[in-house]
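*Asks:* In order, the protein sequence lines correspond to chains A and B. Numbering-wise, our numbering puts 352 at position 354 of the first sequence, and it's gapless, one number per residue. Basically our numbering = 1-based index in the second sequence + 1.
These aren't lab readings, by the way, just hints derived from the structure by calculation. Check before you lean on any hint, since a few could be wrong.
To be verified - No more than 20 Å apart at the CA atoms, straight line, and that leaves these computed lysine to aspartate or glutamate pairs for DMTMM-like:
1) B/K436 with B/D488
2) A/K29 with B/E116
3) B/K391 with B/E378
4) A/K282 with B/E378
5) B/K142 with A/D96
6) A/K29 with B/D114
What the hints assert, rightly or not - Coverage of chain B stretches by chain A, computed from C-beta distances (three or more under 8 Å per stretch; other residues unrestricted):
7) 187 to 195
8) 412 to 422
9) 496 to 507
Predicted model only: the values in this text are computed from it and were never measured. Beta carbons are placed, not taken as given, at the ideal position from N, Cα and C, and that holds for glycine.
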Amino acid sequence: MIPHDETMMLKTPFYSRCLAACEINMWEDWKGYTTPQAYTSVEQEYFAVRSNTGVFDISPMIKYRFTGPDAGAYLNRLVTRDIRKIGVGRVAYTIWCDDNGQVMDDGTIFHLAENDYRLCAYARCLDWLMWSAEGFDVTIVDETADVAALAVQGPTSCAIFKNMGFEGIENLKPFGLTRFPFEGSEVMISRTGFTGDLGYEIWVDPALAETFWDRLFEAGKHREIRPIGGYALDMLRTEAGFIQAGVDFIPAEESIRTGRSRSPFELGLGWLVSFDKPVFNGRKALLKEKKEGSHYAFVYLDVEGNKPAEHAFIYDGNKEVGTVTTAAWCPTAKTNVAFAQVNAKYGKPGQELVAEIYYERELKWTRVMAKCTVIEGVVFNPPRKRQTPAPDF
Amino acid sequence: MAPADCLEWLNFMKKYDAIIIGAGHNGLTNAAYLAKAGLDVLVLEKNSYIGGATVSRELYPNWKYSNCSYVCSLLRPEIIRDLELPRHGLQVVPYGGGVTFKENGDYYGNHADHERLLREVARHSKRDASAYERYEADVMKQTRLIRPFLMRTPPDPTSLKPRNLKELSLLAKSFGSMGEEGLADTMRFWTMSIGDFLDEYFESDVIKAHLAGSGIIGTALGVYSPGTAYVLLHHYMGDVDGSVGAWGFARGGMGAVSAALSASFQSFGGTIQCDAEAAQIIVKNGKAKGVALANGDELYADIVVSNLDPKRTFLKIMDEGDLPADVVKKAKNFKIRGSSGKLNIALDGLPTFTGLPKDSPLCLGEKHFSDSLPRMERAYDDWKAETWSKDPYLDMLIPTQVDPTMAPPGKHMMSVFVQYAPPKINGGDWTAEDKAGFEKTVIDQISNYSPDFKDLILHCETRTPQDIENEVGLTEGNIFMGELTFDQLLFNRPFPGYAQYRGPVKGMYMCSSGTHPGGGVMAAPGANAAREILMDLKLTNTVPGGYDDD
Chain A
-1 MIPHDETMML KTPFYSRCLA ACEINMWEDW KGYTTPQAYT SVEQEYFAVR SNTGVFDISP
59 MIKYRFTGPD AGAYLNRLVT RDIRKIGVGR VAYTIWCDDN GQVMDDGTIF HLAENDYRLC
119 AYARCLDWLM WSAEGFDVTI VDETADVAAL AVQGPTSCAI FKNMGFEGIE NLKPFGLTRF
179 PFEGSEVMIS RTGFTGDLGY EIWVDPALAE TFWDRLFEAG KHREIRPIGG YALDMLRTEA
239 GFIQAGVDFI PAEESIRTGR SRSPFELGLG WLVSFDKPVF NGRKALLKEK KEGSHYAFVY
299 LDVEGNKPAE HAFIYDGNKE VGTVTTAAWC PTAKTNVAFA QVNAKYGKPG QELVAEIYYE
359 RELKWTRVMA KCTVIEGVVF NPPRKRQTPA PDF
Chain B
2 MAPADCLEWL NFMKKYDAII IGAGHNGLTN AAYLAKAGLD VLVLEKNSYI GGATVSRELY
62 PNWKYSNCSY VCSLLRPEII RDLELPRHGL QVVPYGGGVT FKENGDYYGN HADHERLLRE
122 VARHSKRDAS AYERYEADVM KQTRLIRPFL MRTPPDPTSL KPRNLKELSL LAKSFGSMGE
182 EGLADTMRFW TMSIGDFLDE YFESDVIKAH LAGSGIIGTA LGVYSPGTAY VLLHHYMGDV
242 DGSVGAWGFA RGGMGAVSAA LSASFQSFGG TIQCDAEAAQ IIVKNGKAKG VALANGDELY
302 ADIVVSNLDP KRTFLKIMDE GDLPADVVKK AKNFKIRGSS GKLNIALDGL PTFTGLPKDS
362 PLCLGEKHFS DSLPRMERAY DDWKAETWSK DPYLDMLIPT QVDPTMAPPG KHMMSVFVQY
422 APPKINGGDW TAEDKAGFEK TVIDQISNYS PDFKDLILHC ETRTPQDIEN EVGLTEGNIF
482 MGELTFDQLL FNRPFPGYAQ YRGPVKGMYM CSSGTHPGGG VMAAPGANAA REILMDLKLT
542 NTVPGGYDDD
């Protein structure tokens, strides 16, 4: 018999430290885990990442491990990207589609060793992983609770790791991963993140989680390290142009209404699709779409004025051509951005559109029709994100 | 004549605009909409109390039993609002939770919180936790397809009238919007078994067993019988305050629904006559003229609406000679098989369940004691052998954890729906011995998981399908007034050619759960029938249209 489980909310391996640091008592339910929305001040937490270092507990991320002789071949069938090109010690951002070429989720694949991979995803997808595994010699294990993880992000993050004794960390390239001895065990560090800044993610045995947190904060105390919550992370990812499942697109298997799911091309993620692979889930449908054209385009908009275009309709003249999925004023880029899904023909860079924005001041609602322009690339993209060796600040 | 005699004579001669036979929730709803349109309406009820199967009865001092229907979700919000049922006393309180106990001492907890639920599913199978979201999305697709048709009259596919063509094209458009793959899935869903459907998603026995219950409740079919997947949908297509698939308790028991409907009806000037059993619909020259009561009285109206099931309507209270032979044949062939019984129990306190903390939020929902599909299928085998299931599927609730009005403080009321129970035992009537054996089977089943349960029982009302038929008037005790299989749904309910609530005789209508969209305390058949009647009378429609999900 499996032991009964009476706990209502799960705690991450860093919970005791999060609790101690969470001064304003703002928590949320992230995949069943109690995690802070904010610790002290959303603004300070946001700027910690852009100016110093912010630490975000990503332990609730869904993590699957793939081992066995067919692990690589299996993943290559599963995802759209060509996994053969991702060597051992490298990480790849990817998406995976259903057979209709509709995006099920996005995530990162870590090539840990020969025939050994980890997938980090937003949503549970074991059922689809298992269906796709028929015919492959691969073992799939959900290791979500077996790995504690932190995102350590910001210009001083590399310096802090050096303070911790992780020598040579500055030479780790973006999307690289490396390991260091830690307390008789080891910690894996990847140069990855969801903030668009210089930053790392660390992966450690949950038993060592609290020790790691303490050592990290000790090493960072003169570098103004601070924990950050979900609100700050959302600002950061918006500024960095990262889309989020469930917000910017509906995972295909969860979509109920016909036509509400999106293909990679319709999310601006065509670059993740490798047609030179002979077989992968969704290939046939995606080839057809590439030939015949997509219905939608996913665009970044530079929105005139300073009112975030949250939930705004997008117009071309009087014609409604799309809606905003994410919008924010970006405090570092000093830009007002919005992500929007628009009819495909309005998706080209330079396209001028109008956002219908409603905002409220002391219960008075005002409507503005703000001009916006489809932009290419993201509004925050500092050199330190790519520099190797990584700078100290 | 003395004044009293005079009054009696006037009453005798009085002609109503419409007479509705049966004061169940559909009869009352139908009556309320006709009265709202200005008609002089009489509702006849054979029992001394109204409600039909939507009742709260005090059969043990200070305890109220929802002794037939026991939970509320399908009752259309359009009707609740339009007939001002809250103002007339109806309050529906949603509940969550639910448990299926396993034979090995473990259980599956159907948590109300989504993430908590998925973690509980994962405890039994990690794969199933991710499949659960696919399952939910796929069931919701089917739910969305059917919901817009609940408050509409089904189109007649053989008619070329503009209204029929419009309704048919709406139906076609809805199906079309599912896409090619969705259409194929829909055809499969409407015809497949709940067992086969769940097997396509889940590997854990207990999760399948927990979900499969909704596919067989009230239906004389097993979890592997084709057509049961749709029955599950019927339990998912309701909502409480827009939360689709949610269920609630009517505060004060299900009788609160009929009480509110009757108050609404009476506020429009309607009359209800209890202890008035309809013996015959009077037909003259092919037209309905009124109703003859069992006591010999005759009441007159040009509109007669039967809220009895199709079998009772056409084979008991109508003269077969007044009907087309085809209708008699269809009524005889109508599938309305008894499959379930009920225990209503007054408890001296809240029973404990092995392994489950007493304050667990799971306790607020249904409890089941069948942990695999094979066990449920075997329970059906007993029904086929014309006896009650020796290992029955139970849908058990203790509404007094949410509703303080049904038992004294600290005391509780338990409602146990029991599947399967046949209408006849080995071809004969239920004997007192059979009934005692049935009761013992159910109580023993619960006791296996609740050691203090038996000691807490103060009173138990046990109802076999035969009891339900005799008291409520549901043929064979079938709770849906006809099985909810595809051959008896939409434009085939109750049978082809008669799905638009009009009977074969002019002025005679049907408004029971035996018509579209079927059983459960939904009130949509009553309302839809009223719309058709008012249309025939060329009166302004009083029946609201359905809410839109999108």
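*Asks:* Compare the structure with each hint and give your call.
*Replies:* Comparing the hints with the structure gives:
1. B/K436 with B/D488: Between B/K436 and B/D488 the Cα gap is close to 33 Å, so the pair fails against 20 Å, i.e. violated.
2. A/K29 with B/E116: holds (6 Å)
3. B/K391 with B/E378: holds (12 Å)
4. A/K282 with B/E378: Outside the cut-off at roughly 41 Å; violated.
5. B/K142 with A/D96: holds (17 Å)
6. A/K29 with B/D114: Given pair A/K29, B/D114 holds - Cα atoms ~11 Å apart, limit 20 Å.
7. 187 to 195: violated (count 0)
8. 412 to 422: violated (count 0)
9. 496 to 507: violated (count 0)
Hints 1, 4, 7, 8 and 9 from the earlier list are contradicted by this structure; the remaining hints agree with it.
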